[in-house]
Every structure is written in C-alpha cells, then in structure tokens.
Amino acid sequence: MTQQQDRTAALVLEQASVAYGHVPVLEELHGTVRSGEAVALIGPNGAGKSTLIKAILGLVPTVRGRIEVLGVTPAQARRDVAYVPQADTLDPDFPVSVEQVVMMGRYRKIGWLRRPSAADRALAAEALERVGLSDRAKNRFGTLSGGQRQRVLLARAIAAQPRLLLLDEPFNGVDAVSQHALLEAIALLKQQGAAVVVSTHDLAIAHLACDEVCLLNRHQFGFGPTDEVLTPERLRATYGGHALELRGDRVIVTQT
Amino acid sequence: MTWLDSTVHRAMIEAALVGVLGGVVGVFVIARRLPFFTMALTHGTFPGIVVAALLGVDLYLGGGVFGLLVVLAVVVFSRARGQDFTAATGIALSGGFALGVVLVSAQDGFSKDLTAYTVGDVLAVSTSDLVITAVVAVVVLVVMAALGKELLLVAFDREGAAAVGLPTAVLDFALLAIIEVTVVATVPALGAILTVALLVGPAATARLITDRLALLFPIAAAVGVSCALAGVWVSTQWNIAAGASIALFCGSAFGAAFVASVVRGRLRSTVDVPVAVTVPEEAPA
Numbered sequence: 001m002t003q004q005q006d007r008t009a010a011l012v013l014e015q016a017s018v019a020y021g022h023v024p025v026l027e028e029l030h031g032t033v034r035s036g037e038a039v040a041l042i043g044p045n046g047a048g049k050s051t052l053i054k055a056i057l058g059l060v061p062t063v064r065g066r067i068e069v070l071g072v073t074p075a076q077a078r079r080d081v082a083y084v085p086q087a088d089t090l091d092p093d094f095p096v097s098v099e100q101v102v103m104m105g106r107y108r109k110i111g112w113l114r115r116p117s118a119a120d121r122a123l124a125a126e127a128l129e130r131v132g133l134s135d136r137a138k139n140r141f142g143t144l145s146g147g148q149r150q151r152v153l154l155a156r157a158i159a160a161q162p163r164l165l166l167l168d169e170p171f172n173g174v175d176a177v178s179q180h181a182l183l184e185a186i187a188l189l190k191q192q193g194a195a196v197v198v199s200t201h202d203l204a205i206a207h208l209a210c211d212e213v214c215l216l217n218r219h220q221f222g223f224g225p226t227d228e229v230l231t232p233e234r235l236r237a238t239y240g241g242h243a244l245e246l247r248g249d250r251v252i253v254t255q256t
Numbered sequence: 001m002t003w004l005d006s007t008v009h010r011a012m013i014e015a016a017l018v019g020v021l022g023g024v025v026g027v028f029v030i031a032r033r034l035p036f037f038t039m040a041l042t043h044g045t046f047p048g049i050v051v052a053a054l055l056g057v058d059l060y061l062g063g064g065v066f067g068l069l070v071v072l073a074v075v076v077f078s079r080a081r082g083q084d085f086t087a088a089t090g091i092a093l094s095g096g097f098a099l100g101v102v103l104v105s106a107q108d109g110f111s112k113d114l115t116a117y118t119v120g121d122v123l124a125v126s127t128s129d130l131v132i133t134a135v136v137a138v139v140v141l142v143v144m145a146a147l148g149k150e151l152l153l154v155a156f157d158r159e160g161a162a163a164v165g166l167p168t169a170v171l172d173f174a175l176l177a178i179i180e181v182t183v184v185a186t187v188p189a190l191g192a193i194l195t196v197a198l199l200v201g202p203a204a205t206a207r208l209i210t211d212r213l214a215l216l217f218p219i220a221a222a223v224g225v226s227c228a229l230a231g232v233w234v235s236t237q238w239n240i241a242a243g244a245s246i247a248l249f250c251g252s253a254f255g256a257a258f259v260a261s262v263v264r265g266r267l268r269s270t271v272d273v274p275v276a277v278t279v280p281e282e283a284p285a
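Line by line, the protein sequences are chains A and B.
Residue numbers for the first sequence follow the numbering used here, so the first one is 1 and each next one is one higher.
Residue numbers for the second sequence follow the numbering used here, so the first one is 1 and each next one is one higher.
Some hints here could point you the wrong way.
Below, computed lysine to aspartate or glutamate pairings styled on EDC-like, alpha-carbon distance capped at 20 Å [as the list claims (entries may be wrong)]: (1) A:109 with A:126; (2) A:138 with A:93; (3) A:190 with A:99; (4) B:149 with A:37; (5) A:190 with A:37; (6) B:149 with A:120; (7) B:149 with A:93; (8) A:109 with A:80; (9) A:109 with A:120; (10) A:138 with A:126; (11) B:149 with A:91; (12) A:109 with B:159; (13) A:109 with A:91; (14) A:138 with A:99; (15) A:138 with A:91.
Computed footprint of chain A on chain B; a stretch qualifies when at least three of its residues, placed anywhere within it, have a C-beta under 8 Å from a C-beta of chain A [what the hints assert, rightly or not]: (16) 84-92; (17) 130-138.
Listed below are several chain A residues computed to face chain B (Cβ distance under 7 Å; list not exhaustive) [said to hold, decoys possible]: (18) 20; (19) 96; (20) 230.
Calculated from the structure, these hints are not laboratory results.
Note that the Cβ used here is the ideal one computed from N, Cα and C, for glycine as well.
Here chain B stands alone, though its shape is the one from the complex (with noise of 0.2 Å):
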C-alpha cells in the first residue's frame, strides 16, 4: 500500500493543486472582471460531464468539450446586435446547467449521482484524476509565464495592445481557454456550482492584501491552497462535504480580509461612504 492509497491523502493533493491554480488563474478572472464568465463556464462543462458518464468515456473530455462550446458560444453570441458579454454568458450558464439537469433526469438511477457533479467529491478523486490535475498545472502555469506580459497588457489596455499589433483575439481565446481547463480540472472536486468558489474567492481575498501585481499571484496561490487543504481537513474531521467546506473557507477567508481591510481604513474609494460635510445652522447674513 502506497501512501497514495489514502482517500484523504489523496484529497489533499488535490486540494493543493486546485488551490494553486484557482488562485493563480483567478487573478486575471478578477482582474478581467470575468467571475461571471467563469460561473457560465462551470454550468457550462456540466451536460458534458454527464454526456461523458452515459457514453463511459472520460469526463474531463466530455466537461473540456463542451465548457469550449461554452466559450464559442458566449464569444459568437456577444457578437450579435444589441447584446452584450453578460447576456451571453447569462444565457450560456442557464443554458448549460439545464440540459446537464435533463440528461441526468432522463436516465432511471442517475438522479442520484447529480449531487458528485453539482457539488464535487474531493474525497472520491483517482490517482489519474490527480495526474491529469497535475498536468493540468503545470501547463497552465507554464503559459501563464510565456504570456505573462502580453495577458496583461491586453488585459489593462485591449486597444493599446492591438496597436502594438498583437493578436488581442487570440490572446482573449487563450485566457479564457486557461481559465476552461482549470474549472475542468476544479469541477470533480468542487463540482459545478462550487468550482467558481476557487476561481474568485482566493484572488479577490489577494486583491484585498495588496495592489501589487507580482505579489497577487503567491498570495491568491497561498490562500487557495489553504482554503483547499482546510476544507478537506475540516470534511474528514466532522463528516461534511468537502466541496462545500472548501467554498465556506474561500467566502470566509474574503470577508476576514474585507474586514480587515476596512479597519485598516485602506478600504478604496469605490466603497467609500463620503465624508459627512457640517452645513452652518444659520446662513451669515
């Protein structure tokens, strides 16, 4: 027996790598203002996910094949006359997360694995499924790295970045790809609705910590490694659902960081209650 052959073991690996990469990744989600997006997206890979259970093949490909049509659609549909970027993706999240909910209602003795892809079981994750999450990682950081510079330059200044002449639609692909095949790899621990929790939470939680871009990444890593491996601590510990305690520490850890902030009185102007003006009680004459 290997120490692998620890369910828990296991889960805390993967808690980990989730960790990392809903933190790393979750700071262009954030600093694109993209949250949304990603919620569409994570509905968006369920009717895959189930697909690919009817069909026995693998659910990581059903899920990254139709979180791509996800992708295609919110981009095509955005494109249509008056409709704008969250119309699409209010349509494909809906859209998607309904026909995952008819597949599985269609099949007799089904319905009861729809809470595995609603909400994830870090707890029932495979040594493969820890592989294909580790390559997963890798590849994404790797990318992240390459591009780096040009993600953030069309990032704060699309119209900048086409000027110099580089390619901004296939920069924007490349982003949201990452950002597919890192809910992809999310959802079999968090499942669909909850994988979204990794992708804000942490990199929000950092956004709050500091303005600097260098220190956004280690710290959003940090604190999505610790929400992960603290849920699936407090999930084997009490018997709850580890997908649900890793949402609950990603929420607490942003409102912990709120609140500190706000003591901190570095809270930014955006949210700022205006400073109470005193009126003389009687005009001078």
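Looking at chain A on its own, in the form it has when it is part of the complex (with noise of 0.2 Å):
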C-alpha cells in the first residue's frame, strides 16, 4: 500500500474483529482510510458491510484488534462522523418535514435544551441545496421519492460537517438524476478533507467515486487502491460462485 504520510488517517483497521455477542460478524480487517479518500465496502448480502459500518459507529463491539476513528476509539468520534442510513429503512408516513430531517444532521453540535441558532439554519439549509432539493424543504420527507429520500439523508450528514462520512447503500434502487446528485456531493465532501466509506453493490460506482476498495465477505478479500482490488480473482473469491467471467478479464456478479 502506497504511504502519504501528508494525509491523516481518518479510520485505522488493526486486524479488527467484529461480531454480535459471541457470533463472530468480521474477522481479521486490516486497512487505512485517509481524509479526503473514499474507500467502497464491496461485498454479497450479508457479508457484513452494515457490520462494520456500525463497529465504526461504534454501535457494534470490536472483539479483537482495533478500530481507531480519527485518531479516537469510535465512540469518541462520534462528534465528526455522520452516518447516512438506506432511506427505505426510516418510516415514510411520519410526519416530518424534509428541512426538519436536515435540521437533525446539527442536533448533535446544538446540545441538549438548546433550540437551533440562525447559524445552523443556514447550514441546515445550504446543506439541502448542495444535494439540490432547496425547493422540497417544507414537504414531509416520507412524500419525496427513494433517491430524494437519499440525498436528503445526505444533506443530513453533510449538516453535521464530518471528518468522516459513512453510507450504507446509498445508491440501491436511486434512479440517475438523484445518483448523479449523491456522487457530487460526496465529491465535494472529499475535496473538503472528509474521508468517506460507502457500502455498495455497485462496482462501477465503486470505480468511479472511490480512491480504495475493501473486498468483505466475513474476511477481508483485499484492501487496497481499486485497480489494483477489484481484479477478477479476488471478485471470484468475495462472491464464491456467484461471479462469472467475461473474455478473460471482466467479471459480473450475479447474485448481490
């Protein structure tokens, strides 16, 4: 792996393991992210991407080895990392509005009992018009369409100002013109220092927003720039018998 030592290191994999109670989730993962990169989790369902997401979070315990977070354990970074779940996952008939969601991303920043300030009213709204959805701040969020749904959550993190993102399959089931918005603004995120980590099943947006690749499928298949990760071996390997090769050097994946 190659070193830029003027880059810190956002998240630090030390022959981490992870799992829920005793049932081991991941073992073994071992890789750096820095600011500014983005590294895309890649892997079949159940594989553990979610997992690991969270034992960033620290939501999840780390068994062995070690996650460091911006140079903290996880849960003392909670601060500086934003989380963005799939949208699918939050309840559409509850009665909030798309500039409340938003507003979410600063509770964090504004503290117990305190109300939001004018000041992050303006984040809370520049945040909104980066994903591009200015126009939709008063309709109730559950009223917007998956992608919308999507780059609203963003908008969420993106109020939170981050040092590090983390995405769970942001891009499942997001048609184009929402997909193009998250991949801009995720862009710019990384331009601003912020490290990213995007779980996904999609390999050319693995290839196309992101600096590194992480291969799970319960251990880690390969972790490392994407050209040099995403090969048709190691696909072979993550997916087991759900990868087919075309013409020697291309694979698709037919079972995510």
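Join the two chains into one complex using the hints; note that each chain is given alone, in its own frame.
Structure, rendered in structure tokens:
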C-alpha cells in the first residue's frame, strides 16, 4: 500500500474482528482510509458491510484488534462522524418535513435543551442546496422519491460537518438524477477533506467515486487502490460461485 | 363556597387538563406507533389502583407503580428470544387487567366499584385530583419541550440517533414514562379501558388534518380539550357516563376528520384504492 504522509488517517482497522454477542461477523480486517479519500465496501448480502459501518460508529463492539476513528475510539469520535442510513429503513409516514430531517444533522452540535440558531438554519439550508433539493424543504419527508429521500439524508450528514462520512448502500434503487446528485455531493465532501466510507453493490460506482476498495465477505478479500483490488480473481473469491468471468478480464456478479 | 366546589366545574377543569395532556403526548404515541402499548399501560395501572384502594394509599401512587412495572415487564419480555414488542404488550395488557379483576372480585362488597375503575368518573374528581393532574400536565409539557428534538430524532431514526451518541434507551424510557404518568393522571377520569381514547383519538385526528409536526401538537391538544369538555357537558345534560361520552367524541372526531380527508382526496397512498386500468377488449393483431 502506498503511504501518503501528508494526509492524516481518518479510519484505521488493525486486525479488527467484530461480533454480535458471541457470533463473529467480521474477522481480521486491516486497512487505512485517509482524509479526503473514499473507500467502497464491496461484498455480497450478509457479507458484513453494514456491521462494519456500525462498528466504525461504535454501535457494535470490536472483539479483537482495533478500530481507530480520527485518532480516537469510535465512541469518542461520534461528534465528527456522520452516518447516512438507507432511506427505506425510515418510516415514510412519519410527520416530519425535509428541512426538519436535515436539521437533525445539527442536533449533536446544538446540544441538549437548546434550539437551532440562525447559523444552524443556514448550515441546514446550505446542505439541502448541495443535494439540489432546496425547493422541497417544506415537503413531508415521506412524499419524496426513494432517491430524493436518500439525498435528504446525505444533506443531514453534510449539515453535521463530518470529518468521516459513512454511507450504507446509498445507491440502492436510486434513479440516475439522484445518483448523480449523491456522487457530486460526496465528491465535494472529499475535496473539503472528509474521508468517506460507502457500502455498495455497484462496482461501476466504486470505480467512479472511490479511491480504495475493501472486498468483504466475513473476511477481508482485499483492501487497497480500486484498480489493484477490483480484479477478477479477488471478486471471484469474494462472491464465491456468484461471479462469472467474461472474456478473461471482466467479472459479472450474478447475485448480490 | 368557591367556584371549585362545584362538581361540574371540577370535572370541566379535569377534562380540559387531560384533554391537553392526551392530545400532546398522543402525537408521539401515534408517531411511534404505540397505541397498543398505551392500551396495555392503561390496563396495567388497574391492579395498582385496586391494591392502593385496598391498602388505603393514594390511587395515583398505586397506578403509577404498577404502570412502571408494566413498562419494565414489556421492555424485559420483548428482549426474550423470539418475542417481539407486541406479544409482550399483549401479555402485559391481559395479565394486568386480569390481576385487577381478581383482586376486585376477592373483596366482598367491592365489585360495585369495578365500573368506576374501568370506565372512570370525571364527575367524582376531587380538588386534590385536579392539583395532581395539573402538576403532571406541567411536568410532562416541560419535559417534552426540553427533550423535544432528541425525542423526535429517536422516534424518526433510532439508529441515526445512536450513531450521534444519543442515549436511545434512556430517551425511549423517558417517552414511555411520559406516556405512563399521562395514563395514570387520566385513569380516574376515563378509567382503565377508556383512557386510551384520549391518548390516541385526538392525535390520530390531528394527523389526518396536517402533516406538519409543529401543527400536530396544538391541533391534537385542541381536539382533546374539545372532546373532553363536550363529553362532560353531554354527560351532565343527559345524565350519561362522562368517560364514555368523552371517548365517543374522540371516536367521532376521528371519523369526521377521516371522512373529510377522503372527501378532500388527500387520503394517503397506504389506503388508496388503486386506479382501475382499462384493458382493451381485443389485443391488436
């Protein structure tokens, strides 16, 4: 792996193993993501991509090895980490407006017992502008399309001004317009120095948006620069029987 | 003789207080889909009230302690392997109510009071009942205002709330405790069975009227107070049970709002009937 001394490590995995109770989910993960870089977590369903994101958030314990976020433990780093869940995990009937959802990104910095200030409102409005949905601010969250809801959740994360951004399958079932908007907003965050971890099924997006790739299926099947790691051999190893080879140098994943 | 010496005046104030309380707390009950849990809680307070009456201690205290036990039981049971929240709630509901009935039936000459505990009697509230309800209302409204944004985030996105480091279990318990004290304060007026009407009806009605969270609270409170006062008034005019009248007004308000929303065509997609698609009688050759 190439060492870039000028960028600080935002996320360090050191032989990290993650478990729910006594059930090990991920074992022996090793790698580094630096500020301004994006890493794609790639692997089949049940590979442990969401679990790794939760471990980075400190919501699932690291049983062996170490996960270091922004130089401290995951729990200590939460203030500077933002998490974007899959939009369809949230209740579309919930009576909350788009701008209220984006403002939730500011809650942690506003603190207990306080109300959003004018500065918080400006940051939330700016974040919504960045994902191109300013005109929907007053709409109920659930009335937006799946892709638009995903963009609102990204705006919520942007409003939190994170140094590390975690996205769980943000491109699932998202239309082309929203995909483009998501990719642009993520690119801008990277430019501003944030590190990005994004789990995805889409190898093309990994190529497009990410500098590094982490191939996961319970174990790590590769972690490093996208071009070096996304090889047919490694994809076959990660996906087992569900990877098909085309013309010797390309791989189609038949089941994700 | 003061203004508060009148039974009807006391009933009106009690009704207004529980109307506001039920409406405002109900917004979270509806948003978090907790009506069934609230139902269990109302029934869970019942044995506590009976025990308190038997021991001669404060009814609120008895109901409050037992309601708290129900909250804990539901939380503990729902963590058991293969169980979910609704199963635990169902058991707590029937178990709590059954325990209350057993306790009542074991006492000679106590059975005639059963009705008062199950359907309440707002016309029987004392001035000290009023003071307790008022204190509960102030405390609940202050706590909800103070924790408003955190309760909102946990309700909307529990995992996201945990991800930013909010103590989700504590906030969950805070909300259940808010619902619990509201139930305990409302039970003397509406009884174990009918209390749920005020905690669900006005907020569900408000939800049909608006999508905006900021408007839900005042609308639900207004509907709650209106139903409660109308119920008391009808009950004194025609000498019918006040708790039941209030519950009927809550049901009617929801029914009216539902019909209005259908008429205005803003019924949400979950209940929408799919638009019929016309199929050509003959496929083109």
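Consistency of the hints with the structure:
no., hint, result
1, A:109 with A:126, "holds, 16 Å"
2, A:138 with A:93, "holds, 15 Å"
3, A:190 with A:99, "violated, 24 Å"
4, B:149 with A:37, "violated, 33 Å"
5, A:190 with A:37, "holds, 6 Å"
6, B:149 with A:120, "holds, 14 Å"
7, B:149 with A:93, "holds, 18 Å"
8, A:109 with A:80, "holds, 10 Å"
9, A:109 with A:120, "holds, 9 Å"
10, A:138 with A:126, "holds, 15 Å"
11, B:149 with A:91, "holds, 17 Å"
12, A:109 with B:159, "holds, 18 Å"
13, A:109 with A:91, "violated, 25 Å"
14, A:138 with A:99, "holds, 6 Å"
15, A:138 with A:91, "holds, 18 Å"
16, 84-92, "violated (count 0)"
17, 130-138, "violated (count 0)"
18, 20, "violated, 14 Å"
19, 96, "holds, 6 Å"
20, 230, "violated, 29 Å"
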